[in-house]
Amino acid sequence: MTPPLLPALPPLLDLAGTAVFALTGALIAARLRQTFVTLCFFALVTGVGGGSVRDVLIGVPAFWLRDPWVAPVILATALVVWFTPHRIWDNRLLEWADAAGLAAFAVLGTAKALAFGVAPVPAVILGVLTGCAGGIIRDVVAGVPSIMMRPDLYVTAAALSATLTAIFVYLGMGDWWSWAIAACAGFALRGAALIWHLTLPAYSRDT
Amino acid sequence: MTPPLLPALPPLLDLAGTAVFALTGALIAARLRQTFVTLCFFALVTGVGGGSVRDVLIGVPAFWLRDPWVAPVILATALVVWFTPHRIWDNRLLEWADAAGLAAFAVLGTAKALAFGVAPVPAVILGVLTGCAGGIIRDVVAGVPSIMMRPDLYVTAAALSATLTAIFVYLGMGDWWSWAIAACAGFALRGAALIWHLTLPAYSRDT
Amino acid sequence: MTPPLLPALPPLLDLAGTAVFALTGALIAARLRQTFVTLCFFALVTGVGGGSVRDVLIGVPAFWLRDPWVAPVILATALVVWFTPHRIWDNRLLEWADAAGLAAFAVLGTAKALAFGVAPVPAVILGVLTGCAGGIIRDVVAGVPSIMMRPDLYVTAAALSATLTAIFVYLGMGDWWSWAIAACAGFALRGAALIWHLTLPAYSRDT
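Which chain is which? The protein sequence lines are V, P and U, in order. Take the first sequence: its position 98, counting from 1, is numbered 98 in UniProt numbering, and each next residue is one higher. Take the second sequence: its position 168, counting from 1, is numbered 168 in UniProt numbering, and each next residue is one higher. Take the third sequence: its position 8, counting from 1, is numbered 8 in UniProt numbering, and each next residue is one higher.
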């Protein structure tokens with residue numbers, strides 16, 4: 001593998017995305033009346049799951065093994081959820097934060113894959129996985145219907161951000177601004193889906 | 001790791017196996033009335049899941065990150081399923097195609113593992129995983145009973161092909177013909193199970 | 001990655017842990033009335049699942065690909081379960097053996113992660129995953145409620161062993177005796193939970 005061309009997403013944004021996903025994981029465990037240890041576990045797999053899947057498929061060590069901030073952020077998130085009534089999180093704010101994390105991770109995942117020499121289409125797929133795989137693992141282990149099974153424009157928003165990122169890099173525009181645009185586009189699409197309840201059509205060819 | 005001794009299975013056969021498994025993934029999503037994006041996701045995890053599990057366990061990048069054909073084949077398969085009534089796939093043809101993919105992947109997975117210096121018994125296990133893991137991930141994410149839980153001669157057919165491949169390589173016969181024989185043997189066993197409804201006995205020691 | 005500083009846990013203890021976890025996997029398959037091939041599969045994923053997750057996250061080949069003993073031990077365990085009535089295993093002995101495996105794997109996983117240069121907190125997390133991930137994969141594929149969802153002091157015991165291991169290494173005491181102490185502490189906590197039915201409090205902030 002080529003040496004990593006460090007993705008230029010501001011580290012704070014990256015950590016914020018991890019925290020948001022960790023929050024959704026800890027909350028699902030809280031709603032299922034689990035213990036603090038289980039809250040930590042779900043915060044972990046949801047927060048770092050997508051990036052870990054990306055990294056093991058690329059063939060590099062998982063990003064959170066050497067980052068001194070990721071694990072403390074996960075733990076702090078689980079503590080916050082443990083000491084607050086879960087109803088205060090039951091609002092649109094969480095969905096909007098999740099949308100921001102989804103878009104940021106899709107861009108970051110695609111950029112990291114391209115930096116390691118992955119071909120464009122697989123890089124877009126890895127970007128989508130970075131945004132979505134944490135939630136899928138969370139749902140599978142919790143035994144609840146997977147986010148993949150909902151008709152929301154969710155994965156599609158991640159795909160938009162990832163595709164734009166790959167196009168910008170291909171056009172030689174792989175700088176911070178182009179990635180901000182790619183992230184905003186996915187965030188806007190997910191936001192539109194949240195406001196107007198946009199869904200994709202379901203398969204219905206039965207005849 | 002030693003440099004890869006490229007498996008000699010014809011790339012077209014390899015791609016055909018990916019397409020067949022992607023087809024079974026897209027069809028399960030169609031039967032669950034999912035969206036096109038979800039069809040693509042299931043085509044992806046079923047088509048490349050087995051080979052990805054093999055590659056990350058060996059410690060190399062997933063094969064589809066550098067192959068320019070795998071991702072387009074997955075997408076094309078999802079498109080075909082999306083635009084056709086799923087009943088036309090509801091037949092024996094699909095099961096026979098799946099049997100061919102299973103046998104081909106078991107041989108390919110074992111050969112790749114051996115080429116990377118994996119010991120014979122673990123290489124056979126990796127070959128079986130290459131054939132079966134995609135279907136297992138598909139079933140777990142879809143929330144349907146896993147293929148592992150059926151008494152069919154399914155995993156056993158993959159084990160036959162993988163074991164023969166390892167034996168042939170051990171005997172210094174690791175060429176294209178020996179692998180074709182190994183694949184045909186597994187395919188024939190799976191075919192016999194389909195025709196005569198062969199099953200393995202279930203555990204029944206209760207006393 | 002730095003070259004591996006081989007963990008000093010006696011290989012026999014390591015194999016014994018693998019066998020115990022493989023046993024719990026094969027038994028769940030037997031209770032679900034599965035075939036011998038499925039027993040082998042569950043013995044495999046439960047016995048080597050935790051260590052495999054650890055290794056792919058670190059970015060090294062899975063440990064059982066080069067170990068000549070792991071695969072035969074898995075197979076032998078499946079054979080033993082297949083030929084015995086499962087009721088003879090239905091006792092406290094199995095839970096105590098599982099507790100020993102859990103503690104040993106948590107120590108071994110943490111030590112291996114530290115030896116590869118992983119930071120202390122992520123190393124503790126990898127140790128916990130080494131002890132628990134095999135059981136989680138087993139439960140998810142079998143479709144039974146996950147071990148994560150029970151209020152037992154189970155993950156907590158693994159966390160105790162892993163944390164002590166990291167502290168001992170940090171203090172420059174990373175020798176065989178310190179690891180034995182770390183393993184015994186986790187084993188004792190799990191044992192206390194088994195004897196006195198200790199559980200963690202569940203989340204209950206509803207107001």
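In short, the hints are calculated from the structure, not lab data. Values in this document were obtained by computation on a predicted structure and should not be read as measured data. Note that CB positions come from ideal geometry on N, CA and C, so glycine has one too. Where hints are given, some of them may not hold.
[Claimed, not checked] Not everything, but these chain P residues come out facing chain V in the computed CB check (under 10 angstroms):
#, residue
1, Ala-30
2, Val-60
3, Ile-74
4, Met-149
If you check each hint against the structure, which ones fail? Checked against the structure, the only hint that fails is number 4, while the rest are satisfied.
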